[in-house]
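Trainee: Sequence:
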Amino acid sequence: MATLDTLSAAQIAAGVSAGDFTATEVARAALDAVETRDGAVQAFLQVSPELALDAAARIDADRAAGKPLPPLAGVPLAIKDNMMLVGTRTTCASRMLENYESVYTATCVRRMLDAGCLPIGKANMDEFAFGSSTESSAFHRTNNPWDLERVPGGSSGGSAAAVAAGEATLALGSDTGGSIRQPASLCGVVGMKPTYGAVSRYGVVAFGSSLDQVGPFGRSVADVALAMNALVGPGRDPKDSTSQDCPVDFTEHLEDGVAGKRVGIIPALMEADGLTAEVEAAVTAAAESLREQGAELVEVELPSLDAAIAAYYVLGPCEAFSNLARFDGVRYGYQEPDCATLAEQSSLSRAHGFGAEAKRRQMLGAWLLSSGVYEKYYLAAQKARTLITRDYAAAYEKVDVILMPACPRTAFKFGELSDPTQMYLSDLYTISINIAGNGGVSVPLGLGADSGLPTSAQLVGPAFQDRRLLTFARAVEKGAAAAAGHADGSPALAVAPDFAGKGGELA
Numbered sequence: 004m005a006t007l008d009t010l011s012a013a014q015i016a017a018g019v020s021a022g023d024f025t026a027t028e029v030a031r032a033a034l035d036a037v038e039t040r041d042g043a044v045q046a047f048l049q050v051s052p053e054l055a056l057d058a059a060a061r062i063d064a065d066r067a068a069g070k071p072l073p074p075l076a077g078v079p080l081a082i083k084d085n086m087m088l089v090g091t092r093t094t095c096a097s098r099m100l101e102n103y104e105s106v107y108t109a110t111c112v113r114r115m116l117d118a119g120c121l122p123i124g125k126a127n128m129d130e131f132a133f134g135s136s137t138e139s140s141a142f143h144r145t146n147n148p149w150d151l152e153r154v155p156g157g158s159s160g161g162s163a164a165a166v167a168a169g170e171a172t173l174a175l176g177s178d179t180g181g182s183i184r185q186p187a188s189l190c191g192v193v194g195m196k197p198t199y200g201a202v203s204r205y206g207v208v209a210f211g212s213s214l215d216q217v218g219p220f221g222r223s224v225a226d227v228a229l230a231m232n233a234l235v236g237p238g239r240d241p242k243d244s245t246s247q248d249c250p251v252d253f254t255e256h257l258e259d260g261v262a263g264k265r266v267g268i269i270p271a272l273m274e275a276d277g278l279t280a281e282v283e284a285a286v287t288a289a290a291e292s293l294r295e296q297g298a299e300l301v302e303v304e305l306p307s308l309d310a311a312i313a314a315y316y317v318l319g320p321c322e323a324f325s326n327l328a329r330f331d332g333v334r335y336g337y338q339e340p341d342c343a344t345l346a347e348q349s350s351l352s353r354a355h356g357f358g359a360e361a362k363r364r365q366m367l368g369a370w371l372l373s374s375g376v377y378e379k380y381y382l383a384a385q386k387a388r389t390l391i392t393r394d395y396a397a398a399y400e401k402v403d404v405i406l407m408p409a410c411p412r413t414a415f416k417f418g419e420l421s422d423p424t425q426m427y428l429s430d431l432y433t434i435s436i437n438i439a440g441n442g443g444v445s446v447p448l449g450l451g452a453d454s455g456l457p458t459s460a461q462l463v464g465p466a467f468q469d470r471r472l473l474t475f476a477r478a479v480e481k482g483a484a485a486a487a488g489h490a491d492g493s494p495a496l497a498v499a500p501d502f503a504g505k506g507g508e509l510a
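The numbering of the sequence shown is my numbering, which starts it at 4 and goes up by one.
The set of hints was computed from the structure by calculation and includes no laboratory data. Think of the CB as a built atom: it goes at the ideal place given N, C-alpha and C, for glycine as much as any other residue. Be aware that a few hints might be false.
To be verified - Each computed BS3-like pair below joins lysine-lysine, with the alpha-carbon atoms no more than 30 Å apart:
no., residue 1, residue 2
1, K401, K264
2, K401, K386
3, K362, K386
4, K379, K362
5, K362, K416
6, K416, K505
Said to hold, decoys possible - What follows is a list of derived Cβ distance ranges for each label pair:
no., residue 1, residue 2, range
7, H143, S325, 27 to 33 Å
8, G238, A17, 23 to 29 Å
9, V301, V106, 48 to 54 Å
10, P241, S325, 20 to 26 Å
11, G236, R61, 18 to 24 Å
From just these sequences and the hints, can you work out the full model?
Mentor: Next comes the structure, spelled out in structure tokens:
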């Protein structure tokens, strides 16, 4: 008897369309997998069986009536809990929004549902997306399915873990400084941050409005391409002023190969402090695989990249301070009871509603925007942003994409990086892409020689060249598949072995 975690998104949709199984059977299998596996993984903050079964029933009714089905009909979807979905709470993993009921549905979620996905539930995250390990969630930690004593990454750790454990076929995350690509790397799944503006942010609780971007997780590049079609295909969202009209078929050129293309390598990044030998070896092998497939490896430089982390931890906290000022204990969110004055109510509501990391970032942002400090740091960070963006533009005059690590190491143990500064450095390879606004994708390469945990490579492309980026991602995936002995080109990593086949049976 097949289990749901052995099927790709395309196979599930094809099976539902052909009548091999119903969408309702898929929904029940996915909910069974969550019930069986999530006690150990803790990927979800809220499971939504009613919504999933209702969506499945509509798909089954359309099929019975002879209507054409959408491209992702019956595919289970996990949704990061900073995205609105009517019928669920949107908590951002914070006590501040613990009881907040979604009053509308985010455009990105709506588009996935319109494409036929079944909303299985809301995934855990770092509080308000502040973190790189999902340890700052106010409710519980999420465990890496490859080793339950290690972090899944963050801030979209719940979304990545749900896919890695086979609890969902696709998941949505948001990426402000690496929050899709880093957890995808640590959990051994594919994670994509599209170009800024490619996917609507309407209905997504903001962290850094000039940095945030929604993107998909999947177990293969092909699944991520299907999700991108759903997210981007309908075109510009008039409800998001930063949304751009860039509809393309992301599956169209996946198998074109990379012969004659140029791949950029940045020597300084491959020699950076903190990059472990096994990750360096895995990325080097990925580069060699691209060369064997006909690509040319070209060394490029990003001279201003050293300023990326410093610039991000000025820009991010400033935007976070501005965005989270709305949680004042008056209009919505946690409200401190029995306060004598409005000032006391606002102060105590924020003090008791926010966790430590959320407070840290807002306090930093408040200071950075204060008189006399703003000119010294915030304006300098914006200048650095311009230089970093120019560096990438110059590099893309020489190469089609850039290959680099997604994370300097494999998944670390809970509590291992207790110093916030060391935690921030785990986003070393991802932050600059958000600053520049380019697209990036993390692709699993297999298990590290030393740790036995997932390793990955990251590909970064020019703005609004995300379809070409996925072509290169597929080439990396095929190279990793060949190294793993997968003659059919299937991904090097499947569902984490401790969870594969546990629940989720399809008749």
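Trainee: Confirm or reject each hint.
Mentor: Status of the hints after comparison with the structure:
1. K401 - K264: Satisfied, since the Cα-Cα distance of roughly 10 Å is no more than 30 Å.
2. K401 - K386: Holds. K401 to K386 sits at ~24 Å (cutoff 30 Å).
3. K362 - K386: Distance of about 27 Å is within 30 Å: holds.
4. K379 - K362: holds, 22 Å
5. K362 - K416: holds, 24 Å
6. K416 - K505: With Cα atoms ~25 Å apart, K416 and K505 stay inside 30 Å; holds.
7. H143 - S325: 27 to 33 Å: holds, 29 Å
8. G238 - A17: 23 to 29 Å: holds, 26 Å
9. V301 - V106: 48 to 54 Å: Given a distance of about 50 Å, which is inside 48 to 54 Å, the answer is holds.
10. P241 - S325: 20 to 26 Å: Since P241 and S325 have Cβ atoms about 24 Å apart, the given range 20 to 26 Å holds.
11. G236 - R61: 18 to 24 Å: Hint holds: Cβ distance 20 Å, inside 18 to 24 Å.
Hint compliance for this structure: every hint is met.
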